[in-house]
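2 protein chains.
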Amino acid sequence: MSFPEQLAACASQVQSTLDALLPTVAQSRVAEPMRYAVMNGGKRLRAFLVLESARLYGVEQTAALRVAAAIESIHAYSLVHDDLPCMDDDDLRRGKPTVHIKWDYATAVLVGDALQSFAFEVLAQPETSANADIRCNLVATLAHAAGGCGMVLGQAQDIAAETAARGLTLTEITELQANKTGALIRWSAQAGAMLAGQDTTLMRDYATAIGLAFQIQDDVLDIEGDAAAAGKRLQKDADAGKATFVSLLGLDAAKKRANSLVTEACDVLAPLGERAEPLRQVARFIVARKM
Amino acid sequence: MSFPEQLAACASQVQSTLDALLPTVAQSRVAEPMRYAVMNGGKRLRAFLVLESARLYGVEQTAALRVAAAIESIHAYSLVHDDLPCMDDDDLRRGKPTVHIKWDYATAVLVGDALQSFAFEVLAQPETSANADIRCNLVATLAHAAGGCGMVLGQAQDIAAETAARGLTLTEITELQANKTGALIRWSAQAGAMLAGQDTTLMRDYATAIGLAFQIQDDVLDIEGDAAAAGKRLQKDADAGKATFVSLLGLDAAKKRANSLVTEACDVLAPLGERAEPLRQVARFIVARKM
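Chains as they are written, first to last, in numbering that gives the first Met the number 0: chain A, 0 to 290; chain B, 0 to 290.
Simulated from the structure, these hints should not be mistaken for laboratory data.
Errors might be hidden in some of the hints.
One copy or two, either will do: identical chains are not told apart, so a pair holds if it fits within one copy or between any two.
What the hints assert, rightly or not - Straight-line Cα separation of at most 20 Å, SDA-like style, residue types lysine to any residue; simulated pairs: (1) K241 x D132; (2) K241 x L271; (3) K101 x A163; (4) K255 x A163; (5) K101 x K289; (6) K241 x Q26; (7) K42 x G249; (8) K241 x S15; (9) K255 x V286; (10) K101 x T170.
Bear in mind that the values here come from a model prediction, so they are computed numbers and not experimental data.
The shape of chain A in the complex, shown without the other chains:
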């Protein structure tokens, strides 16, 4: 199976898992927008990282799929809230109206809130792992990664940067992105090792490198990308005069840096041998992607 086929197969499995786990329309009037927000396609990169790291560490796939569903729910909640008028004010997400456009502002706030709760409910349930210490570790680490010292902090830093008197330095933007997008990517890659009760250092180092590469590529795509393919507005950061990796490093140096991070990520995986090839492919995909 080629890498895009593997990615699509993962996305399809996660979709089925989410479908089985999410509240039904009969159970809740927010079930429909919850499902709309989280089951809208997407690359499912975080889910793929969970499934591949779980496979590498010998964890059965049923458990890994639940964890993948949880991280995609957290990611989806963050997108629903980031798209709100008070934040990025985006009308489109993957070519479809965002939740506050298709429904309304209040529904979008509530759906994000409910998707966050849902993720922790799934992780904490016995079906995720027979070992409750492992489940608690997943909950505590994801809550930390998503919260006020992780993803939410990164978003707050991003918003503050827009009105700051001076542009961010490279160090500051690296820290911001390590929080805003890096925290969930690092957690996803470590989740397989956590499910197996193993040390997560190697996976964390790998994910730190690809997380940064991912964001640099996002900034590259904001300049070079195709809005139709991306299904969202582009050049937003450039238009807003925001400091990005591209504005700070220049386009060529940004691309070089992303590529060297991919090499670094692949090197980190060396001790795992050939079996880690899909994770190397993720790393390469991150800088090769056009959307």
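Could you slot chain B onto chain A? The hints should help.
Chain B alone, transformed into the frame defined by chain A:
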């Protein structure tokens, strides 16, 4: 110690616990609004229910205080989001500017999000209970109570009722409130039994009764209350023409119903004897309170 003194002592202990557990301003730029939102006084009824049920079931207070801090964080997050312009649009909460007034809209969304994550992080950490199965049970049940089939559903039902063609029936408003405010109150009272690994049926029945009494009294206070004492706008529901327990039952019958629910709640506690007196006092306080 009188009941108001007990309640104040509990509030003070929960405040110290939150202070010790919340991120510091040095750790996160959202720490200050997080602290503002959750450490703004309040009756701490949910925390009191956690501490008293924990005491009844022989759980050590250090653990119970962490659980109390978690439920107050979830409650605080829900208030921050409910106060947003897209929801109840309230400028004041307990006499102080709401988070979106003191900071801004985006900060209020993010702070609510971070407080939700924080609650699950605290519950899942080993310090909450040596037994990880118990910690997972707390996380899974609170996530369910707070999420799209619990509190968030209740809020969505409440919003939908505002634009519905007809007013809610008594059955519908009872269900709405069992979700919107009842779910967290039920969870709080059950938390002590959960921490002890005991059956929660008795505490659930008790809390179902006081949860409904609480909401009926809220509707009574919306008509009869003192805005200055309450620290928020009153008569909002009446002005909006919303169906409430008072509009459906009439003021006197609503008060009678609240009182009979208190009697019911106290009767449920009979098997626990004198030791459950503080929980009976909570029940009586709920309908006696003026704010």
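Against the structure, the hints:
no.	hint	in the structure
1	K241 x D132	neither (43 Å within a copy, 46 Å between copies)
2	K241 x L271	neither (39 Å within a copy, 62 Å between copies)
3	K101 x A163	between (33 Å within a copy, 19 Å between copies)
4	K255 x A163	neither (28 Å within a copy, 57 Å between copies)
5	K101 x K289	neither (26 Å within a copy, 41 Å between copies)
6	K241 x Q26	neither (43 Å within a copy, 24 Å between copies)
7	K42 x G249	neither (27 Å within a copy, 55 Å between copies)
8	K241 x S15	neither (39 Å within a copy, 40 Å between copies)
9	K255 x V286	within (10 Å within a copy, 67 Å between copies)
10	K101 x T170	neither (38 Å within a copy, 30 Å between copies)
Hints 1, 2, 4, 5, 6, 7, 8, 10 from the earlier list are contradicted by this structure; the remaining hints agree with it.
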